Amino acid sequence: MSPFAIGYFGALIGASSLAAWSGRREALVGAFLLLVVSAFAGIVWGGAALRWITLVVALGAAAVGLAYSFRAFLAAVLPRDAARAIRSAPLTASFGLLTILAYIVTAVFAPAIAPFGESQIVGGAFAPPDDRMLLGGDQLGRDLFSRIVYGARNTVGIAFVTTVLTFLLGGALGLLAATVGGWVDQLLSRLVDVLMAIPQLIFALLLLTIFGTEVVTLILVIAVLDSTRVYRLSRAVAVNIVVMDYIEAAKLRGETLWWLITREILPNATAPLIAEFGLRFCFVFLTIAGLSFLGLGIQPPTADWGSMVRDNAQLISFGEVTPLIPAAAIALLTVAVNFVVDWMLQRSSGLKD
Amino acid sequence: MARNQHPLLEIRDLRIEGYADEKWFEIVHGVDLTLHRGEVLGLIGESGAGKSTIGLAAMGYTRDGCRISGGTITFDGIELTSTPEEVRRSLRGARIAYVAQSAAASFNPAHRLIDQHTEAPVQHGARSRRESAEDAVALYRRLRLPNPDEIGFRYPHQVSGGQLQRCMTAMAMSCRPDLIIFDEPTTALDVTTQIEVLAAIRDIVEQFGTAAIYITHDLAVVAQMADRIKVLLKGREVEEAETRVMLDAPREEYTRSLWAVRSFARAQNQPPAPSETPVVSVRGVTAAYGATTVLRDVSFDMHQGRTVAVVGESGSGKSTAARVITGLLPPVSGGVMLDGAPLPGDFRRRTREQLRQVQMIYQMADTALNPRQRIGEIIGRPVEFYLGLRGVKRKQRVDELLDQIELDPSKYYERYPAELSGGQKQRIGIARALAAEPKFIICDEVTSALDQLVAEGILKLLDRLQRELGLAYMFITHDLATVRAIADEVVVMKDGQVVEAGPKDQMFEPPHHPYTDLLLSSVPEMDPDWLTRLLQARGVENIGEAASARMDGG
Numbered sequence: 001m002s003p004f005a006i007g008y009f010g011a012l013i014g015a016s017s018l019a020a021w022s023g024r025r026e027a028l029v030g031a032f033l034l035l036v037v038s039a040f041a042g043i044v045w046g047g048a049a050l051r052w053i054t055l056v057v058a059l060g061a062a063a064v065g066l067a068y069s070f071r072a073f074l075a076a077v078l079p080r081d082a083a084r085a086i087r088s089a090p091l092t093a094s095f096g097l098l099t100i101l102a103y104i105v106t107a108v109f110a111p112a113i114a115p116f117g118e119s120q121i122v123g124g125a126f127a128p129p130d131d132r133m134l135l136g137g138d139q140l141g142r143d144l145f146s147r148i149v150y151g152a153r154n155t156v157g158i159a160f161v162t163t164v165l166t167f168l169l170g171g172a173l174g175l176l177a178a179t180v181g182g183w184v185d186q187l188l189s190r191l192v193d194v195l196m197a198i199p200q201l202i203f204a205l206l207l208l209t210i211f212g213t214e215v216v217t218l219i220l221v222i223a224v225l226d227s228t229r230v231y232r233l234s235r236a237v238a239v240n241i242v243v244m245d246y247i248e249a250a251k252l253r254g255e256t257l258w259w260l261i262t263r264e265i266l267p268n269a270t271a272p273l274i275a276e277f278g279l280r281f282c283f284v285f286l287t288i289a290g291l292s293f294l295g296l297g298i299q300p301p302t303a304d305w306g307s308m309v310r311d312n313a314q315l316i317s318f319g320e321v322t323p324l325i326p327a328a329a330i331a332l333l334t335v336a337v338n339f340v341v342d343w344m345l346q347r348s349s350g351l352k353d
Numbered sequence: 001m002a003r004n005q006h007p008l009l010e011i012r013d014l015r016i017e018g019y020a021d022e023k024w025f026e027i028v029h030g031v032d033l034t035l036h037r038g039e040v041l042g043l044i045g046e047s048g049a050g051k052s053t054i055g056l057a058a059m060g061y062t063r064d065g066c067r068i069s070g071g072t073i074t075f076d077g078i079e080l081t082s083t084p085e086e087v088r089r090s091l092r093g094a095r096i097a098y099v100a101q102s103a104a105a106s107f108n109p110a111h112r113l114i115d116q117h118t119e120a121p122v123q124h125g126a127r128s129r130r131e132s133a134e135d136a137v138a139l140y141r142r143l144r145l146p147n148p149d150e151i152g153f154r155y156p157h158q159v160s161g162g163q164l165q166r167c168m169t170a171m172a173m174s175c176r177p178d179l180i181i182f183d184e185p186t187t188a189l190d191v192t193t194q195i196e197v198l199a200a201i202r203d204i205v206e207q208f209g210t211a212a213i214y215i216t217h218d219l220a221v222v223a224q225m226a227d228r229i230k231v232l233l234k235g236r237e238v239e240e241a242e243t244r245v246m247l248d249a250p251r252e253e254y255t256r257s258l259w260a261v262r263s264f265a266r267a268q269n270q271p272p273a274p275s276e277t278p279v280v281s282v283r284g285v286t287a288a289y290g291a292t293t294v295l296r297d298v299s300f301d302m303h304q305g306r307t308v309a310v311v312g313e314s315g316s317g318k319s320t321a322a323r324v325i326t327g328l329l330p331p332v333s334g335g336v337m338l339d340g341a342p343l344p345g346d347f348r349r350r351t352r353e354q355l356r357q358v359q360m361i362y363q364m365a366d367t368a369l370n371p372r373q374r375i376g377e378i379i380g381r382p383v384e385f386y387l388g389l390r391g392v393k394r395k396q397r398v399d400e401l402l403d404q405i406e407l408d409p410s411k412y413y414e415r416y417p418a419e420l421s422g423g424q425k426q427r428i429g430i431a432r433a434l435a436a437e438p439k440f441i442i443c444d445e446v447t448s449a450l451d452q453l454v455a456e457g458i459l460k461l462l463d464r465l466q467r468e469l470g471l472a473y474m475f476i477t478h479d480l481a482t483v484r485a486i487a488d489e490v491v492v493m494k495d496g497q498v499v500e501a502g503p504k505d506q507m508f509e510p511p512h513h514p515y516t517d518l519l520l521s522s523v524p525e526m527d528p529d530w531l532t533r534l535l536q537a538r539g540v541e542n543i544g545e546a547a548s549a550r551m552d553g554g
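First to last, the protein sequences are chains A and B. Reminder that position 237 of the first sequence reads as 237 in my numbering, one-by-one numbering, no gaps. Reminder that position 541 of the second sequence reads as 541 in my numbering, one-by-one numbering, no gaps.
Excised from the complex, chain A in its bound form:
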């Protein structure tokens, strides 16, 4: 037995005993289960498996610690009301916030962070990782790490702009339909039904084939298609608000449609709409990545996570994990956004009672 294994099991046994002695049930169960699993893994796969387990546990612990201290940090620096909301937030939400923040920083400061240019060829095709190229080269010999950093800017940036557009379009029309009602509502709702009847991805592929694959076209096509979902939500939310007496009072006062929508209805619909914004952002993000993977999204040489997975996919058959890193970047952001959205949903539903 190596000194590492002895130290490893010693630490785990110590931790379980400590947890048992102090009566911490979850900690005891967790530590002891880990002990059993490690013993099994150690016997079957040897010492390397133990190092992997240590790495995973350490990463998890680091994530929890980061989330915990980030939450405390926010609670300390934010104004009173926001600090109170943060303090009661679950750790997942604080982890999500931190991750999103990291993505934003990466996207904004991409040129400063990336060691090479977006489409600069620095080495041979599929060059292995070394001191110069952290994650090696891609199929044309470009630095994979630099491209992932720039990809944050393109993929996340385009997804954000698209989602904002989606909400402006779908939200405005949904609120309008609910407030005016009658034939306006009928017309818009049936139009949305027609748009929704065609499978979204196929419809997007069709439209992009017709109108070309410039970034602006891409944004517009996805925004229009996705706005149908936002329309349905904002209309459903607004329909419940429109029947309130304060809306009737405002109508009887003679207020304009603009005032009704922006001052009376919208402030009461923000909570579900913000939650939907996070969710919708993920979907748009995945749609763009998916379209890029299919070759109709963001066009080369612009770095984009979806097309990066496709371009380097052949490496997977050689047992390399690098092509999966952009995919992991997508997955992590999606999970992070959903953590935050869950927290907001819980908050907005908690406000009701």
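FYI, nobody ran anything at the bench for these hints, they're computed from the structure. There's no promise every hint is true.
[Unchecked claim] Computed footprint of chain B on chain A, listed as stretches where at least three residues anywhere in the stretch have a Cβ under 8 angstroms from a Cβ of chain B:
#	region
1	238 to 248
2	252 to 260
3	264 to 277
Given the structure is predicted, the values throughout are model-derived calculations rather than measurements. Here a beta-carbon is modelled for each residue, glycine too, at the ideal position from N, C-alpha and C.
Chain B: place on chain A using the hints.
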């Protein structure tokens, strides 16, 4: 009633806490309660007094976000606070039953009534499904529900509110419990329906010798139902006594103030000169929702400085009349005149000046105020919109209005509606209507969602404003005590028609239209023998929905 035996329910020094703003607050501060077998205890108090919380605690249950933090609850020798959840669950439904305020919201709309009725006995193993179903029919018959053999096979939405409340009482009886908790069972009902439910509940509780806790804020109701009354205020007991003793000689100041609420009455104003033009005149209005006609040839006038009370059961068309006046529902024929000039039927075609003259105060202050606007904005908007005041002048005017409704401007200007109590919210609703400086205000059931003391404050405020500003009110209500307090003229409506109209003083003197008579006689009085005498005088078949239905037939 044997008082010397072991009590059925004994609560000692009960303390309950609620969770808000990351802290636990005590909401019930050490209440004692003793209930013997077959006895009915009335719990009364304003909202927030802890009546329902104590009622639920009697089952060993607390709402989410509440916890029992001290004291003991002993039900028939079983200590409920320390006993395991399984034991408490086996008691609920079987030995302790609960009847909720809103039967319509408490029944599952997807199941037939009888299926919901048999659930508890089958679950607790008390009876088989079939026995229980037969028992249900027997109970329906005892509760005098129409078509007892058949009504159980309907879905909740196919049954009227009063019948549903009686079905719920039958359901509570399904396991023959020792104790039933009635949580405001008639609050949501019309007076004519309420009386039927009261008679049925009292009857069945007496027949089976069930003990009951009757929670309500209506003193006249509790006087009919309870043997003893306990008065609560903010989670503390004020006093407890036998019903008659309590009614005749309340000891505490607070109890006396509760008793005195119904005494607020204003003398009827002088009738207007025949030549005077009414502020608002409804002329031969017929109105319909789609193909259903809800108003038939309705006419009445409202004069400056006077109050017209429009009374009737729900569905009688009184709120629809208000919608026609405000222009939300354009009439099919007939019309509304403002100061002798016709008003366009649709509010969108009215001028801003016409809209300003007709204002409305709503029943539910919760939904009438935008929860995302501050009080200053809510009242400031009509000031700015109609009178064009901005900046400092607008602020001054809002402060004046807040002073007028007796709320301190410096304290309330920046608040959100959620930070106000029910009565304060209703005052803001009044201020918003006043901000337009109208001639005419429609008050739609403005006091029915409020506690009696608070409601009295609102009525006095409205009365004072009327005298100061010469306003004309249209007061929609189903509460005849309110009518007595504030009206000059009364319009009685039934099925979309005006059945009787005239000055208040005449209205409360016989002879009446039979429907007015039914309405008047159904208003509970503080006399504990009132229900008994009424039932003797009219007979059980001649009250509530049955009587109302007979009137339609004849």
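Here's how the hints hold up against the structure:
no., hint, result
1, 238 to 248, "holds (count 4)"
2, 252 to 260, "holds (count 4)"
3, 264 to 277, "holds (count 3)"
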